[in-house]
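With chain A's structure known, arrange chains B, C and D on it following the hints.
Chains as they are written, first to last, in the working numbering: chain A, 22 to 405; chain B, 22 to 405; chain C, 22 to 405; chain D, 22 to 405.
It cannot be assumed that every hint is accurate.
Said to hold, decoys possible - With a straight-line Cα cutoff of 27 Å, these simulated DSS-like cross-link-like pairs (lysine-lysine) come out:
1. C/Lys57 to A/Lys382
2. B/Lys356 to D/Lys57
3. B/Lys136 to D/Lys329
4. B/Lys136 to D/Lys405
5. B/Lys199 to C/Lys329
6. C/Lys136 to A/Lys329
Simulated from the structure, these hints should not be mistaken for laboratory data.
4 protein chains.
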Amino acid sequence: MTRLKLFLIAFLGVSLLVQAQTDDGVLRMNEFRVPKMRKIIQIPDVGTYQVLKCDFHMHTVFSDGHVWPTVRVQEAWLEGLDVMAITDHVEYAPYKNDVKVNHNRPWELVKDVAKENNLVLIKGTEITRSTPPGHFNAIFIGDASGYIEDNSSPKDKEAVMKAKEQNAFIFWNHPGWKVNQIEGSYEWLDFIDELTKEGTLHGIEVINGFGMHKKALDWCVDHNLTVMGTSDIHNLVRHDYDLSDIVHRSMTLVFAKDRTPEAVREALDAGRTVAWASKFLAGKEEHVRNLFHACVELSPAFHARTSKNSAGAEVVTNYYEIRNNSDLYFELVLKSGNGTGSVTLFPRSAQVITAAGGQDKLTYEVVTAYVRSDKHLQVDISLK
Amino acid sequence: MTRLKLFLIAFLGVSLLVQAQTDDGVLRMNEFRVPKMRKIIQIPDVGTYQVLKCDFHMHTVFSDGHVWPTVRVQEAWLEGLDVMAITDHVEYAPYKNDVKVNHNRPWELVKDVAKENNLVLIKGTEITRSTPPGHFNAIFIGDASGYIEDNSSPKDKEAVMKAKEQNAFIFWNHPGWKVNQIEGSYEWLDFIDELTKEGTLHGIEVINGFGMHKKALDWCVDHNLTVMGTSDIHNLVRHDYDLSDIVHRSMTLVFAKDRTPEAVREALDAGRTVAWASKFLAGKEEHVRNLFHACVELSPAFHARTSKNSAGAEVVTNYYEIRNNSDLYFELVLKSGNGTGSVTLFPRSAQVITAAGGQDKLTYEVVTAYVRSDKHLQVDISLK
Amino acid sequence: MTRLKLFLIAFLGVSLLVQAQTDDGVLRMNEFRVPKMRKIIQIPDVGTYQVLKCDFHMHTVFSDGHVWPTVRVQEAWLEGLDVMAITDHVEYAPYKNDVKVNHNRPWELVKDVAKENNLVLIKGTEITRSTPPGHFNAIFIGDASGYIEDNSSPKDKEAVMKAKEQNAFIFWNHPGWKVNQIEGSYEWLDFIDELTKEGTLHGIEVINGFGMHKKALDWCVDHNLTVMGTSDIHNLVRHDYDLSDIVHRSMTLVFAKDRTPEAVREALDAGRTVAWASKFLAGKEEHVRNLFHACVELSPAFHARTSKNSAGAEVVTNYYEIRNNSDLYFELVLKSGNGTGSVTLFPRSAQVITAAGGQDKLTYEVVTAYVRSDKHLQVDISLK
Amino acid sequence: MTRLKLFLIAFLGVSLLVQAQTDDGVLRMNEFRVPKMRKIIQIPDVGTYQVLKCDFHMHTVFSDGHVWPTVRVQEAWLEGLDVMAITDHVEYAPYKNDVKVNHNRPWELVKDVAKENNLVLIKGTEITRSTPPGHFNAIFIGDASGYIEDNSSPKDKEAVMKAKEQNAFIFWNHPGWKVNQIEGSYEWLDFIDELTKEGTLHGIEVINGFGMHKKALDWCVDHNLTVMGTSDIHNLVRHDYDLSDIVHRSMTLVFAKDRTPEAVREALDAGRTVAWASKFLAGKEEHVRNLFHACVELSPAFHARTSKNSAGAEVVTNYYEIRNNSDLYFELVLKSGNGTGSVTLFPRSAQVITAAGGQDKLTYEVVTAYVRSDKHLQVDISLK
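So that you can see chain A by itself, here it is in the shape it has in the complex (with noise of 0.2 Å):
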């Protein structure tokens, strides 16, 4: 016969004070664990919207994705997301004959513990269409049972107004995805065309993974659709991310007005978005310029030196602390004034920058944050 003893928790925080004083025949090895904690990404508020960090686009076993639903949960806590929606296809079931197809199943998995870890969980599924025009998410949707699974070009619009009906929000993945292979893939499709005049589609992908699909940002813009970023993950973030204090798993950046899916939404619908990329930002330039100056500070002038220039004038040189106050990085190139003429803002430090005195500002551009495909966003640095 057997009893319960009195079950001792094992917490996995490694601590070096509290320690078991009694062998019971077992070394416990914890000091080679994974530290379990839930990472914070600093990203201050612009003006008064929160900035959501949020990842639209994953895969489970459910669709062609390797990990089982809940991992997206536990991934998505650990390096500090905010937001988070499920899109296995709809069309596309590679494990079909030992994993049953049921394209709610994964969001009735965890709802529960996303709840209980604090992440929003927005549903959502791949509307996954032959290339062109090729793959669509529709997030904020209702019941996922009754999307087309047949898909052939005749059925495409039908597939996606289905995601109409629910009032999802649409937006078109990885245009530039075949772009090598499949010709004319890569263009303002009349069909895309089509779906943005009549208000179908809503955004579409800038960032996906480890690409950025310049030209459509320049689409995102032109049509007024919402800039989006995603992981399209389908392996383990860490097989795939050489997550570092630089590297982050591609997402969006929503200022939203709170932390509910209705904000989420809200700012979705009005576009307040930019797509991250570790070291790249790509966005609509009042957002990505918001950003910018949320993140960024500059001194006051803490020191000043006076020395004689080549005609034996006196100059004035001061100096000012420039910091970056978030987990973004950000590469300047001076534009115009007379100042120092590279910065490298690495996350959450700071770098001594100078200009000649008796001058407003310098102009420098941001070389890794995208307005349009051919264009960095350009800042003032105001030196009053």
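Then chains B, C and D, alone, in the frame of chain A:
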């Protein structure tokens, strides 16, 4: 109409030299990817034997693991394992409403990809009886479909005998698993004694994940069973193990004649193993000792310093370099002789030690290597 | 004859975008360089005070340190310190055959570079008496050339009074340094008592490098002296400290009105400090408590789960997120209340904790924060 | 009165097992220290030669370096160098008001500590002429006190001949140093030609720190000079180099008969060297080729896959494992043959490559290994 263009292969390796010359509208950010490489875990041969890195205990979504079986191959390849077995539970299938129960399926799904990645794949399963006696792994099995799913106690023997009929190698898993919950479970049970005496049981997990079951080491020594170390991984390896130069998943080092399934089986049957958990080793004294001496070497004295002792006599101090040519880790504390008192041998590194002249050897206790529950390996370092 | 061409500035920041377009026969491999950036150590303000990161004890080749004084500025800048003092020994100059003795020289050599890097530089020196009483640091000193180099015991008082004449801030260094070598050295000495009573001594190093002198914390509390933490660095910081998100050089956190020498002095005189050594904090209870609450916040309950207890009654479990908005580290163990038993708060991270409904608070012991040699900080976490 | 107690040695190695049992009032936090270990840089022997890791160009506070000479030994030991030379400037001593000029002094200060740490120390100096011709290093020198401190052009020859009189090994430093500042400085100068023809000059720095002077590689090949690689470190190595598995300080790999000063000199005189800068190698083709083949091996085909090509014929694809048994890094691009197009060989790792059956070999260009300014090493990988 679309036409196929030449397919441009995207190589994963990050190249500083070979870059796309033309702008096709997609910025590819491969510098943020995890380098795709098979790590070599460096352990010199032990005598005429290769030291194979083996994990014989892993789970997938086909029982209660979190990943698709192919992820286990991917992980094993990246981490530098030679040999792996997926051992999903026979009697426990929490995902059975979604994933069709088929005990042969994980093996079928990975056997080609394992082969193409130069991994030795052993077919296995976990026989999951109630505790006590708890769980058994059977590897080198045949058809997995005929195993008994009824896990009631009266069927325990029959369940194990099913594996024996297939000439499997059978080991008892994590005997101290519920030491603080079920009284009497972490003992040399009658059931185990019977299996051992009749030759059904071949080994015991001394190391399972982050736990070293020290009493099991004594049982292996006393009853001539093979010492096993496994990860018993359910989650992603990278979410459990804080992988580094020192931290690896827990595994069995098998001293084998070559890198084939047959040689692995021969070595297991002969008991030529050491269980490894990052900083710690556990095994039969002979094997741990041979492993240590295969990895660690002392240089000839490279320097001698002469000084006077407190009595005014001249004394010589000899300087040696002690090198650890392996990815293992050893901590040494001096037991006898006059020399450096404590030495930490990090992976692939050297230390300088000194010894008073006129001695033949120093004797150290390797406090990170267990040869009994209460005994560390003791080694002589010859100074000749 | 040679002519000067335009000088092309080589920027240190690694750029993926801005690359030399012409091949001048030199391949520049800047991708292998250490990123040149000033880390921001994030600690929120404590009430109206800024928390300045200060190290008041460092050595250079002008006494027995291993580096030229400017290296100390470089290190401090990279690590994110606000305030630094170089405090070479007055009485001990082992390199004097090579390096000319001049106690003001380290200060002279770094004062401009400190200014240009926005570091607050405090002039200091180490008065190096035999143990006991051992060493004292004097900071905010005037001319360093008049200090007494004779370190015989009879001169001890006179040596310290030299600093007092200059209105220096004086603290006793590493009182437990030779606890195992010199009996009676790690005690509240008559000499110290005298200095304290007459107002000559202002603080004691509770943390010096890798040692926390716990008895000194009691002395600071009982005799109203300021708690100091310093690196006492002689070697390179990067050869001593395994710098990481958790490991920083040991230092004093000073709660100051602003980031000026005057404000630092005012705070030191007022005793508003906490000594910090990577995972550990030591200080007067009031300051450690205020620091904890400035860094750590609890979210409102974001989720409630209802279940039945063993008696069949409904019980509610509330879920909260506890966030550490700082680069400090805290380990918490529950002392009273019904909730999560143990919480590790890594730098800039969050954890989920649960608490049974119907409670006002949970009380935790912060086992990594000392307020007495034998007492940790105890904090109430309000659940309202 | 004080009495000495037994001295308890504080071992640096962090031990989880051996902990102080008694509380003496000092908490020792050795877990935050840098592990004290000599890294082994793994490079297999090249034929009968050992591959010694050598840095023949470093500075200290005795000229314009930032550290005391012993730091250079400490760094070299931690990083795993075999051979080092401190080469402070003869003609340039910016700290001379503080540090007494004595050109033999750095050597004297480190010779014992180098010996005790099993480092081969070579005596050297830097002859610092104006550019052009710029600087020369002389190693294996005798008395350094007689060198000429006047750096005016007319004395250039005399200054170099001083080293020749001592039978020094003389090499030209960083010839492209001022390529963008001084026209004509980065050329095969008459002065260099003269030194070479008369046998005074023995080598040229092809790699200096983060710069590869590619034209110098051609000059070494064409004029039979020895290829050198050095760090020319002034600052701390850890403040310049972002040390990792891939990034090491720049150095010369010397193929020597044994690990003695004499063998190093013999190898330098014979030109058996390769310059190494983290991912890049530069050297004479024979030596780079031999080094590559010593490090990289191909397994026998471990798997063959048969498929049909577009014409319906059966084709065989063979699978091989290519292993890099060294700490070097190689990037390969296929030049001829039918197989894997691109292979990145990270340190101590393997990759799987495939090749169509019926071939003898694949030919790759090693794009990270230079054998001429405009030519990479090309290697045949035998498939037999």
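inquiry  = Tell me the hint numbers this structure goes against, listed in increasing order.
reply    = none
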